[in-house]
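A.B. asks: The residues making up each chain are set out below.
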Amino acid sequence: MSFINFSSREINCKIVYYGPGLCGKTTNLQHIYGKTAADRKGKLISLATETERTLFFDFLPLSLGAIKGFNVRFHLYTVPGQVFYAASRKLILKGVDGIVFTADSQIERMDANLESMDDMRLNLAAQGYDPEKIPMTIQYNKRDLPGAAPLVEMNRLLNPGGHTWYQAVAVEGVGVFETLKDIVKKVLAEVRNSY
Amino acid sequence: MPLADFVLYEEEYGKVEAELTALCRDARITTAAVIDKNGQIIATAGETRRIDATSLASLAAGDVAAANGMAALIGETEFSVFFHEGQRDCIYMSLLAGRFILIAIFDKKVTSLGMVRLKANKATEALASALTSASSKSESGKNAVGEPLFADITSEDIDRLFGQT
Ligand SMILES: Nc1nc2c(ncn2[C@@H]2O[C@H](COP(=O)(O)OP(=O)(O)OP(=O)(O)O)[C@@H](O)[C@H]2O)c(=O)[nH]1
Ligand SMILES: [Mg+2]
Numbered sequence: 702m703s704f705i706n707f708s709s710r711e712i713n714c715k716i717v718y719y720g721p722g723l724c725g726k727t728t729n730l731q732h733i734y735g736k737t738a739a740d741r742k743g744k745l746i747s748l749a750t751e752t753e754r755t756l757f758f759d760f761l762p763l764s765l766g767a768i769k770g771f772n773v774r775f776h777l778y779t780v781p782g783q784v785f786y787a788a789s790r791k792l793i794l795k796g797v798d799g800i801v802f803t804a805d806s807q808i809e810r811m812d813a814n815l816e817s818m819d820d821m822r823l824n825l826a827a828q829g830y831d832p833e834k835i836p837m838t839i840q841y842n843k844r845d846l847p848g849a850a851p852l853v854e855m856n857r858l859l860n861p862g863g864h865t866w867y868q869a870v871a872v873e874g875v876g877v878f879e880t881l882k883d884i885v886k887k888v889l890a891e892v893r894n895s896y
Numbered sequence: 006m007p008l009a010d011f012v013l014y015e016e017e018y019g020k021v022e023a024e025l026t027a028l029c030r031d032a033r034i035t036t037a038a039v040i041d042k043n044g045q046i047i048a049t050a051g052e053t054r055r056i057d058a059t060s061l062a063s064l065a066a067g068d069v070a071a072a073n074g075m076a077a078l079i080g081e082t083e084f085s086v087f088f089h090e091g092q093r094d095c096i097y098m099s100l101l102a103g104r105f106i107l108i109a110i111f112d113k114k115v116t117s118l119g120m121v122r123l124k125a126n127k128a129t130e131a132l133a134s135a136l137t138s139a140s141s142k143s144e145s146g147k148n149a150v151g152e153p154l155f156a157d158i159t160s161e162d163i164d165r166l167f168g169q170t
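Top to bottom, those sequences are chains A and B. Be aware that the first sequence starts at 702, since it is given in this note's numbering, and climbs by one per residue. Be aware that the second sequence starts at 6, since it is given in this note's numbering, and climbs by one per residue.
It cannot be assumed that every hint is accurate.
In silico DSBU-like links for lysine-lysine, alpha-carbon gap of 35 Å or less [what the hints assert, rightly or not]:
id: 1; chain 1: B; residue 1: K127; chain 2: A; residue 2: K834
id: 2; chain 1: A; residue 1: K882; chain 2: B; residue 2: K113
id: 3; chain 1: A; residue 1: K882; chain 2: B; residue 2: K42
id: 4; chain 1: B; residue 1: K113; chain 2: A; residue 2: K795
id: 5; chain 1: A; residue 1: K791; chain 2: A; residue 2: K887
id: 6; chain 1: A; residue 1: K834; chain 2: A; residue 2: K736
id: 7; chain 1: A; residue 1: K887; chain 2: A; residue 2: K742
id: 8; chain 1: A; residue 1: K791; chain 2: B; residue 2: K114
id: 9; chain 1: B; residue 1: K127; chain 2: A; residue 2: K791
These aren't lab readings, by the way, just hints derived from the structure by calculation.
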């Protein structure tokens, strides 16, 4: 649900990084935070456990610049991927405009990827969204690991809807901005079509 | 978009801001804000420079969402008032018009929870009516300006946004 403020001339949109535990969602936000100029970002807030697993969410506000006299701002969130934080995940999807589904490329994590994808669809539907229609970009992360599953196989399992997808090595920053840029484009295209 | 977007125009913004400013003065609140339940800031008043309002809004929205998740578990529809007490400063929050949150930050030595709650309750009606009017304008579709606002956003415009990152 984008928020347009005519008084301050701002467009605000919300993007959520979704995916199984340890797939690299928080790492994506950390890289974006590290590579963004100080005047274009707010604080990176991480509500995390002592072992650095996301407990509730990570939050990073970005200010991307102006389009048509409106300042374009994106709020990036990550969900906690661990299965038992299901209730929190549902809350974070409220008001989302676009999703980055981050998948873990390791073959042994394929069940976890699928489970997370199903969980996301259910939670989106519970919030009143059509999971087929919401802007979505898929990121295949951890491509650096020797056990990475073939991309054809990952697309067959995780991307039957044919969303745009990117390979990434989030720890090294590979593919992180490509993914972000893609979802931002999709969300702004929706804004364009709605106003 | 799958869900209604929210659009805020000058008129309603002015009303909300004026109410918040009056609330700060009347209840001797340090900082007051209205946000939506998704964590977007609608308006702020009082001392705002000392506080990172964007972070505050996202955490307040998360806090309210978590509390109302608990409400559902114990069979309540919703909690409507929230209070956090610190050594010196406190945060009072209440729901407004179903989809907004009023936040008041105050110093215990300057005012009291009772006073803040009383004045906040009084301000609720005027705030809610301005916000409801904004919501219905949003839902009546498109924009009151009359022409498609962003119709000519191009792919190059969007590319440019990433020029500096
Ligand atoms: N080898 C490799 N490791 C990665 C990559 N991306 C992230 N990691 C590591 O994977 C671990 C988990 O990353 P996080 O970003 O915390 O994962 P998360 O998805 O936020 O996990 P939850 O918060 O539990 O949902 C960390 O040790 C990262 O350094 C990658 O591309 N390659
Ligand atoms: Mg995380």
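A.B. asks: Out of the numbered hints, which ones does the structure contradict?
C.D. replies: 1, 2, 8
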